[in-house]
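Could you slot chain L with the ligands onto chain H? The hints should help.
These protein sequence lines map, in sequence, to chains H and L. Here the first sequence is numbered in the working numbering, starting from 1 and rising by one per residue. Here the second sequence is numbered in the working numbering, starting from 251 and rising by one per residue.
No lab work stands behind these hints, which were simulated from the structure alone.
Think about it this way: if two alpha-carbon atoms lie no more than 30 Å apart in a straight line, the pair counts; the simulated DSS-like pairs of lysine-lysine are: (1) K350(L) with K144(H); (2) K368(L) with K245(H); (3) K347(L) with K145(H); (4) K357(L) with K145(H).
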Amino acid sequence: MKKKATFLSTLSGTIMFFGLWQLAALAVNRPILPSPVVVVPLFLNNMTAELGLHFLASFTRVLAAIFVATVFAAPLGLALGQMPRIDSIASPLIAIIYPIPKIIFLPVIYVVIGISDFSKVMLIAIIIFFQILVVVRDEASNLKKELILSVKSLGAGRRALFRYVYLPASLPGVLTALRVSVGTAVAVLFIAEQSLTTWGLGYYIVIETYQVLMYPEMYTGIMGMGLLGMLLYFAIYAIELKVSKHMYVE
Amino acid sequence: MIEVQNLYFGYGEASCLFADFSFTVEKGEAWTVIGPSGCGKTTLLYLIAGLNKPTGGEIRINSEKITRPRPSTGLVLQDHGLLPWATVLDNTRLGLKIRKFYGPDGKHSPADMQMDEKKNKERIDYWLNWLGIGRLQNMYPAQLSRGQRQRAAIARTLVLEPDLLLMDEPFSALDAPIREELQKVMFQFHQQSKMTSLIVTHDIEEAVVLGEKILVLDNCCNRFPKIVPNDLSGAVGKRSDPDFIMKCSQIRELLAVCANSPPLKEH
Ligand SMILES: Nc1ncnc2c1ncn2[C@@H]1O[C@H](COP(=O)(O)OP(=O)(O)OP(=O)(O)O)[C@@H](O)[C@H]1O
Ligand SMILES: [Mg+2]
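The shape of chain H in the complex, shown without the other chains (with noise of 0.2 Å):
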């Protein structure tokens, strides 16, 4: 069925990235390029300090974004995907909206809902909102009448079918849909960032490091915001492979 990472995939993995990064590093041999042997004690360093709180800046957002558009997707899908004359509907938007990069509202949001931390983590959560409706929204359709049947049957109302069907049943895709679009994510939020704020790691990058040519620096920076996609990644794939076991039996 599906396949595992496993630790040791992830370790060399690590290696060879870090191996080939310093080979470059030693062939380019220029300041716009530092080695790893540089970029990673500074990083280790910087994350206690200043660093650290940009990352945290990150990392909130992201989780911010996730939430919401947890809380207000997965309910939707799953009210779409059980009333199907509704879906029929609202589907052709749906389908409209999902494939559009979603980066391009960031001026829309800008001015409607102004210009502040909030903004920011409402375009990423529109991102993840589409994501997980989609998913959630084929979940419920695609559970067969009898399931919800036998299991009202068993003495279920309206709560514990959520509880022990709906729940269950879409938590793997919200979580599918979080790992593959945690990316875009995190893509999306460098861009955010790098205007009207002065705290995350976008800012970092781009403004306190790149644009003063410190280039080290702006190395931990990318690494913190690699590390924060990879962080949030792993983590889901984590969850994912504790909710939805049944997936990997043979």
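Structure of chain L with the ligands alone, referenced to chain H:
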């Protein structure tokens, strides 16, 4: 036990599946319901289970009018009933978990329910073993054969100790040897437990093997129940006996005609 009184039902205005339809199932009887596809067998079962509401008339179980699923009615549907993300054990536990979730409220669970974890565990083990799937507890439905899945669905229902068992074509997706094996199992179960049961089937032989009384439905708006008393139930190994063959052809004849007039009383 079950009183269907002047039942009317159809999906939407134009459709008529039951009109002024009445029959009574006594406590401890094993009934089978047979009829051509689309005649309303599943619908009747859902009505009795409280999953559909009659448009007219009423259904009473133990004199209580059915308006929603009744906690001590057990329902087994053909396939698809198990949670795909839960193991056999968790699926079997599902009804108990739902009961615990609500507590003994008389609506979702029997008001006199007792939650004894140890007894529950014993009951789960008992039924899983009795149905021959005790060793498959940690498997997911996708890893099981259809017959094993159906056994798990039955175990899940029996663990709740129902007083009425409703089954919709429980064995129709199985191949003949496994189907006959499960028919035997269910007949034994009925003999031991004397539980009132209603099993929907489209297989004439199965109707005769499992039903002490056979209700024959037809495609032209059921008004008058055609009920065939049957003393051959349990004759699992006697499918080629003349009596058995006679019974089957009697039912085949009933299936062929529409009961637009009251049937002659058979007593
Ligand atoms: N939810 C529904 N909405 C509208 N019509 C329905 C619905 N469910 C069933 N019907 C119709 O009602 C009739 C009876 O359906 P039912 O499922 O009770 O038949 P059945 O006797 O169980 O048939 P089968 O042997 O094929 O399972 C059929 O004509 C079917 O198309
Ligand atoms: Mg049916």
